Amino acid sequence: MKKETITPHAQIDYKLLSHLSHEARCPFNGMLGFSDLLSSHFDSLSTDKQKEFAVLVHQLSQKSFFQLQFLVTWIRIISNNLTLNITSCSIDDVIKQSIDKLESDIVSKGITITTNSHKKANVSLDPLLFSVAITSVLNTCIKTLLTSKEIQIAVTTTSNTLKISISWQVEALTETINALVNQSASPDESYNEYNIQIWVAQQIAKLHNGNLTLTKITAESSYQLVVEFTLPLGL
1 MKKETITPHA
11 QIDYKLLSHL
21 SHEARCPFNG
31 MLGFSDLLSS
41 HFDSLSTDKQ
51 KEFAVLVHQL
61 SQKSFFQLQF
71 LVTWIRIISN
81 NLTLNITSCS
91 IDDVIKQSID
101 KLESDIVSKG
111 ITITTNSHKK
121 ANVSLDPLLF
131 SVAITSVLNT
141 CIKTLLTSKE
151 IQIAVTTTSN
161 TLKISISWQV
171 EALTETINAL
181 VNQSASPDES
191 YNEYNIQIWV
201 AQQIAKLHNG
211 NLTLTKITAE
221 SSYQLVVEFT
231 LPLGL
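First residue of the sequence shown? That's 1 in the working numbering, and the numbers climb one at a time after it.
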């Protein structure tokens, strides 16, 4: 994936950063809270990096999906301040944890999520962090489903690779979905919130020596979008 270069175009909003640091303070994945990140990391950045950091935080704060789990992960990825907590775990458990985070949306919208069980598919990864990647994708699925109410999650393994495929149907290529499919996911403000969520998931996959792809399958009257994580079984 080509990494987009972001040119700061706004003054550093220290008041906004201060507000976020107090309102979004919460431990995540055993890491420092967001306010601790600002106090311990922000001051050590160069002036140019501080400007970029502030602009990116401001852009993300404007998105409707502004949630702590995405914010902290995203900020730590772009600031190279993320330490993985690798452990051997069941991919079924990680997927279940991701689904549970979105239970209220799933129930209220009458969505069915079908999964295939892979109890023997243990993989070495950071389970809490990787669940954010899957949650990011599922949140995009939920928000872009039109009349179809089913999301399918399939796990397959080979001797050294694990694949997680998440697919869902859309009946029309709206402007939002076109942007999602045709543009490289990037945390640039010109992309929509779903691009940013897919970008977060991509970066988390890369941190695990894996990859994420998004493809479109055209049918007679509908389109199927498929996100596929590919991970090594050993890290």
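In case anyone wonders, no lab produced these hints; they're calculated from the structure.
All of these numbers come straight from a predicted model, not from anything done at the bench.
One should not assume that every hint holds.
[Said to hold, decoys possible] Ranges of calculated distance between the beta carbons of each label pair, as one might list FRET restraints: (1) Val226 <-> Asp105: 31 to 37 Å; (2) Ser88 <-> Lys149: 32 to 38 Å; (3) Thr115 <-> Asn160: 21 to 27 Å; (4) Ala154 <-> Lys206: 17 to 23 Å; (5) Ser104 <-> Thr156: 38 to 44 Å.
[Unchecked claim] As a list, the in silico DSS-like pairs of lysine-lysine whose alpha-carbon atoms are at most 30 Å apart: (6) Lys109 <-> Lys143; (7) Lys163 <-> Lys109; (8) Lys216 <-> Lys206; (9) Lys206 <-> Lys143; (10) Lys216 <-> Lys163; (11) Lys206 <-> Lys101; (12) Lys149 <-> Lys163; (13) Lys96 <-> Lys163; (14) Lys163 <-> Lys143; (15) Lys96 <-> Lys149; (16) Lys163 <-> Lys206; (17) Lys216 <-> Lys101; (18) Lys101 <-> Lys149; (19) Lys149 <-> Lys216; (20) Lys96 <-> Lys109.
Glycine residues also receive a C-beta, built at the ideal position from the N, C-alpha and C atoms.
Hints and how they fare:
1. Val226 <-> Asp105: 31 to 37 Å: violated (21 Å)
2. Ser88 <-> Lys149: 32 to 38 Å: Given range 32 to 38 Å: holds, Cβ gap about 35 Å.
3. Thr115 <-> Asn160: 21 to 27 Å: holds (23 Å)
4. Ala154 <-> Lys206: 17 to 23 Å: This hint holds: roughly 22 Å between Cβ atoms.
5. Ser104 <-> Thr156: 38 to 44 Å: violated (30 Å)
6. Lys109 <-> Lys143: Holds. Lys109 to Lys143 sits at ~10 Å (cutoff 30 Å).
7. Lys163 <-> Lys109: Holds: Lys163 and Lys109 sit about 27 Å apart, inside 30 Å.
8. Lys216 <-> Lys206: holds (22 Å)
9. Lys206 <-> Lys143: holds (25 Å)
10. Lys216 <-> Lys163: Given that 30 Å is the threshold and the Cα spacing comes to 17 Å, the pair holds.
11. Lys206 <-> Lys101: holds (23 Å)
12. Lys149 <-> Lys163: holds (23 Å)
13. Lys96 <-> Lys163: Roughly 16 Å between the alpha carbons, so the hint for Lys96 and Lys163 holds.
14. Lys163 <-> Lys143: holds (23 Å)
15. Lys96 <-> Lys149: holds (18 Å)
16. Lys163 <-> Lys206: holds (14 Å)
17. Lys216 <-> Lys101: Given pair Lys216, Lys101 holds - Cα atoms ~26 Å apart, limit 30 Å.
18. Lys101 <-> Lys149: holds (18 Å)
19. Lys149 <-> Lys216: Within the cut-off at roughly 18 Å; holds.
20. Lys96 <-> Lys109: With Cα atoms ~18 Å apart, Lys96 and Lys109 stay inside 30 Å; holds.
Hint compliance for this structure: hints 1 and 5 are broken, all remaining hints hold.
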